Amino acid sequence: MTLAVFLPFLLAALCAGLGPRLGRRTGYVAALAFVPALLLAGPLSAMPGAVPALEVTRWVPTLDLALAFRGDGFSLLFAVLVGVIGTLASLYAVAYLSERERFGRFYSYLLLFGGSMLGLVLSDNLIALFGFWELTSVTSFLLIGLWHTRSAARDGAVKAFLVSALGGLGLLAAVAMIGIAGGSTSLSGLNLEALRASPLFTPALLLVLLAAFTKSAQLPFHLWLPTAMEAPTPVSAFLHSATMVKAGVVLVAKFGLLFGSSPLWGGIIVPVGLATLVWGAWIALRQTDLKALLAYSTVSQLGLLMSLYGLADAEGNFAATAHLLNHAAFKAALFFVVGIIDHETGTREIPLLGGLRKALPLTFAAALLASLSMAGVPPLGGFISKELFYEAMLHQGPVFIAVAVLGSALTFAYSFRLLRVFWGPRRHPAGVQPHEAPPGLLLPAGLLTLGALAFGLLPGSVEALTRTAQNALDFATYTSHLSLWHGVTPALLATLLTWGLGAVLIWQAGRVAILGRRLTPRVNANTVYYALTEGVNVLSSRLIARTQGLALPDQLRLMLGAAALIAGYAVWRAPQVFHPIGTPPLALLPVAALLVAGAVGVLLARSRLTAVVVTGLTGFGSAAAFLGLRAPDLALTQLLVEAVTVILYLLAFRYLPRGGDLPRARWRLRLDLLLAASMGLGATLLVLAGVRFLAPPISPYYLENSYELAGGRNVVNVLLVDFRGFDTLGEIVVVGTVALAVLALVRLGKGGRPRPEASAPPPSPETPPAPPRIKEET
Amino acid sequence: METLFALLIGLLIGTGVFLLLSRSIVRVVLGLSFITYGGNLAILTVAGLREDAPPLLTLRGPYADPLPQALILTAIVIGFATTALVLTVALRAYQVAGHDDVEAFGDSLARDPDAQLDMAADPEHQGPDRPDPAEAQVFVLAAVPRVRLPEDGP
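Protein sequence lines, in the order shown, are assigned to chains U and S. In terms of UniProt numbering, the first sequence is numbered consecutively and its last residue is 778. In terms of UniProt numbering, the second sequence is numbered consecutively and its last residue is 154.
Just chain U, with the same shape it has in the complex (with noise of 0.2 angstroms):
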């Protein structure tokens, strides 16, 4: 399992370097990365009886996070599933694209986002599955976005990755609430009472639904799948049929053994499903592109897909594997077919298409059973779904096998839909001629589609397949067998209905056209879409202009500001921290009154050069300070310093205008003063503070050391050039960079003038002038 996982992150890497080489024919390259995948078919195929295999890798052992891939039946079921699609994806590709792709791209993002897909699945730790789901986020972001030059592939691959992204996050919250109530983070090692009993159960459980609505495009966070066709159709196939979409449904699948006793997530999930189902399968009528048709169907699919699960019993969950499998087998095929179409014609809009039965006829053998199957129609493996899903649905009461009703019955009519375009006079963009496709892109349709038949016609294999995920899901007890004909039940009565329903909906398609563009609303999640994204950059653009596009005084006092206020809430909510420490010592009271010159000085000081001098004083204070804190060596230093800057003050005042401060505005220098006196006092707290949670000093490993070590008696002297010679260093750089850029500038000003329209008389005391504005020169 976990070479089956890590296989296709290796072979990216190498089709990456291969693409360029190998052309088209990388896509055999890539189709190997899914062998080990597939021969998990081999444990898969023992496994209603056998042990779940446990293979796992340590990884990060302090925080608890290993590579524990679990092989139980419902995780290597989906798992060959995924490897299955993504082998016949692959190789559909090789004849799909064009020469002129860039394959080594197309294919390793390819194998990304199927190996991070199989990761996702086959995970038992639950940090690793949010990673794998995050994972799956980006890589189908590359994917969508794959032809980036297209301004609809980069919006929707935008889209997806935001729905999904937001969905990530509240994936990631739930996982920590898990991690922490259930007291393990591999999702079999949980204690399920502690879980269920801990008050972090709902916002946990209304998280996992955020990150599986998100995932698989359920109302209202269905906007993005749509726009995720600007994909090729390869990967269309992969990421709708089997793969990313679903991984919300697998999440239902497994978090519904940890959450389905709640019945609010049977209550949440069912109700979200069906609306779903019927939502997406109304849009999918109205649709004239082909491909949008098949998104908006796979929409209403996955809210099938989802009310089943959300179930969480073993009807439910038994009815949705198999659901699972011919969803996955007949939607697959029917991308496949609509790309050849794609392929053949240079279109997907149904009004420009009609009669390519004759032009191409394996093709339309392929489609016609895949839409039978889509529809419900006996003997394919749609219609045993069905019945189990109107048999679940029956169960649960009136409304909702009603509801099930109405979304099969607009799933039958957009079914028979996408098949009118092999129907009628012979029609087709002008200037091509279709003809039947390579076997390339045939084989694989044909083979889902031979599936999707095999399902209906021997029900016993979609069962036997169904079986194998029983003790994973928990539907063991569950006796029902699948057949094609089980007598005159409820069921069979609902489906009549349906296909009565969907007979009308197909004969009257002109009206019910009508009626959908006039039920049409003004606002839908597109629009909410659009508006939300383009407030977030009117918001985002607004708020830097008036933060900041300030001028620097105005920007400190916002972030001072902030600073104050966070800091602040601190000392609000720990005022036991900050306590007086110490007795004030006579010697050094000297020092501390000439430090306190200084900064009063400073303050009062009304001319440039006495506040310069009045600032030395402080310097030589804090120079004193040191001398009597027993630190001889930054006393020297801080001299030396202190002398050097005031010579360099004098040299600069040379250039600079004379007179004092300029007048602050009222309102900002009693905000200053605030701010100021906030800042003062927030550092005496820190302080305080920092005394008090002192760690023990590592400096004895210092002095007992300097002399050995380095053979150094000045135990600073040695800290600077031996201990942390490194820091010394980057200090010189400093300095040496900072004396080459005093030194460019003051060149750069040797010629420098005052611009003419301020080489005004220089602002006095007086006379605030207004800043000149900076006009735009031409």
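No lab work stands behind these hints: they were computed from the structure. There's no promise every hint is true.
[Unchecked claim] Derived list of chain S stretches under chain U, where covered just means 3 residues or more per stretch with a C-beta under 8 angstroms from a C-beta of chain U: (1) 22-36; (2) 42-54; (3) 85-95.
Because the structure is a prediction, the values reported are computed rather than measured. Positions of the beta carbon are idealized from the N, C-alpha and C atoms, including for glycine.
Guided by the hints, dock chain S onto chain U, whose structure is given.
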């Protein structure tokens, strides 16, 4: 002793912040110096003040803590370098703009009353392309004034 120094540090930092918010460039630089003084003393104080011997092994111990002293030594030198740099930048700014009023050095966009309401703050770094050009009408940027420094003579 620590409390006394904590109060002194508060005073120095407060003074520094007040000066930092001044309009005159020189006072801003002085403010930085005061914050440096306060910071240096804070490092020393937080490590615990001792009136023992300086960390010179030729004297008889116990010694004051050498580690904060080494840190401050670096900080003093870097503080000096910062002061020198900011002072030179101030000089240069005065030469270019003709005044030493920090408050006048604002972003032109924020102060431009003619700027459109929803205009991007940074016209040169817009977001990625919009999906639909019609929707991007909000971000019409033709009229953004740009600040240009005059070319200096040789």
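Hints and how they fare:
no.: 1; hint: 22-36; verdict: holds (count 10)
no.: 2; hint: 42-54; verdict: holds (count 12)
no.: 3; hint: 85-95; verdict: holds (count 9)
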